[in-house]
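Heads up: the sequence lines are chains E and D, in that order.
For the first sequence, position 183 matches number 183 in the UniProt record's numbering, and the numbering has no gaps at all.
For the second sequence, position 280 matches number 280 in the UniProt record's numbering, and the numbering has no gaps at all.
FYI, nobody ran anything at the bench for these hints, they're computed from the structure.
Wrong hints could be hidden among the right ones.
Claimed, not checked - Here are some, though not all, of the chain E residues that point toward chain D, as calculated from beta-carbon distances under 8 angstroms:
| id | residue |
| --- | --- |
| 1 | W11 |
| 2 | M53 |
| 3 | E80 |
We put the beta carbon where it would ideally sit given N, CA and C, even for glycine.
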Amino acid sequence: MAYRTHLDDLWEQQIRPDGRTPHELRNITCQMGIFHPQASGSASFNIGNTKVMAAVYGPHEVRSSQKKHHNPDKMIINCEYSSATFSSNERKSSTKADRKSMEISSNLRSVMEHIIIPDIFPGSQIDVYVELLQDDGGSYSACINAATLALVDAGIPIRDYAVAITATMSHSVCMVDINAQERGQCAELTIGVLAQSNEIIVLELANLLQNFYLKDVLDEGIKGCAAIYKILEEAVRQKFNKMEQSLV
Amino acid sequence: MAEVLLSEEEKYYLVLGVAQDIRVDGRSRLDYRSGDVEVNTVTNSHGSVRIRLAETDVIVAAKVDLGVPKTETPNQGIIKFLVDCSPTASPDFEGRGGDQLAETICRILSSTYAKSSSINLKSLCIVPKEFCYIVDVDILVLQCGGNLLDVIAMGVKACLGTCEIPRASGTRYDLGKPVPVFSKDEFQFDYLDVSKAPVIVTLPRVGRYFVVDATLEEESCSKGKLAIGVAPDGSITSVDKLGKACYQVRSIAASVQMAAKVGVDVNKVLSDRINKLKLSKLHSAKPWPPKPEEGMDVE
C-alpha cells in the first residue's frame, strides 16, 4: 500500500473511522405519533445523525387534482419526499423539489404500493410525506423505515414491514449502515426487504462494487435489516401496549 | 394555510365563548398555550431550534457563511430568511402549495428584522466592503396548529440567540487585501445580541374581540388578522394586516396596545429561556483535551 494512514491500521483491526465494528449499527431512536392528532399517522426515525420524519394522511377522498385519470376501483398512493434546506452540510438555496428528491418520491411510492394491501380502500387516497431533516448517510433507507412506521401508526393494513439499510464492502470488510464519511470512499448498496418474507424490494447501488463481493454485501445488509426490524417492531409494540393499558 | 372546516353552530359557540373571555380550551383571550424550545436539533448547522407551541411545530436552523456585504450597507452583515412549509404539516402544502404562505411569512420576518435597532448587523461585519457573515435562517414548518407566525418569530429569535458565530481572530493581508483569519478552536464563538430583537404577536379577530395565540379553529372563525412586531421594550417594529378583514382606526389602536402589552411578556419569557439554553449548551460542550487546571501546573 503506497500511502499508509492510521485509518488503515484501524481497518486491519476491523474498526471503522467512526469507531464502530463492521456489523454495528448507529444509534437508532424512533418515535410514533409525533404529529398526533393532525396527521393520521406519523413517525420519526433517527439513525445516528440522519433524521427523518414521516406523516401519513388518509385514507381520504381523492383530491380534485388527481381525480381526472383515476379509476374509482383503485386506490391512489401518493408519496412526496422533501429534504430540508439545512439537511446537508452544503445548504440548499431553494425549497423546490429537485430531480433527486423526485426520484426518491417515485421510488418510495413503489415501495409503499408494494406493502400496502392493494385496493383495500377503493376510490380513496393515501398521502405519505417524508421529510429529511438531517442527512448523514443512509437517508433513503431511513425514509423507508420512517414511512413504514408512519403507515403502522396510521393503522393502514400492510402486508409486511418494509425495512431498509445500507451496506458496503471496503478494505475487504463487509460493513453495514454507512455514514456520510464512509459513503465518500466506497460503494453504497441500499437494501430494502420485506421483514418477514425476506424478499428484497429495494436494491440500489451507488459507486463501484466488485461483483464477487455482492453476495456477501447483500447478506450483511439483510442481517442489518433484521436488526432494524427488531427495533421497529419494539417501537410498535411499546406504543400499542401503552394504548392498550390506557384503555383498560 | 391549513384550514379546518367548521359548521355555523360550532363557529357561533366559539365566538360566544371568546366574547365571555373563556375560550374552548379554557384560556382567556390573552393567554398563550404551553410550549417548549429545544436546541441543537440539527447538528450540522451553527444554531438550530425546534419550537413547539401546542400542536404547532417548527424547526429553525441558522447556517453562517462568509460573503460580501451589500454595496448600500458596506459595514453590515446580512440575515436572510427562507421559509419552507413541509407537506407533513398539511396535504395542502404538497408540491408548490405552501409557497404563497411561505412567501408571506418570509416578507413579514424580513420587514420585522429590517430595523437596524433589532439586531446589530454591524457585529456581523468582518472587513467593511469585503467580508461579512451571511446568516441564512431556514424555517421548516412541520406542523401547523394555529398561530404559526408567532411561533416562527419566537423560533427565529431563539435560534439567532443561540447561534454560534465563528470568531474571526484577525485579518491577514493577501496581495494587499485583508482576508479574515478564523480561530481553529471550535469552542471559540460569539453569540448574537438578541436583547432587542422583536417577536410577532398575531391578533386574529374572533367576533368583536382580538385573541392571542389562536388555534386553527379560532383562525377559521376570523376573516383576517393583524401581525404586530413587538420589541422587548414594548415598541412596535412592524404592523401587517393579513387576510380580507377591514378594521377601524380605533380597533387598530386598541389591538396595537394589546400586542405591545403581550409582546413584552413574551419577549421576557423567551429571553430567559434563551439564556438558560445558552447555559445548558455551555455545560454540554466539553473541549477535548481538557485544559490543565492552574493548581496542577508543574513548576
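Hints versus structure:
no.	hint	verdict
1	W11	24 angstroms, violated
2	M53	6 angstroms, holds
3	E80	5 angstroms, holds
Of the numbered hints listed earlier, the single one contradicted by the structure is hint 1.
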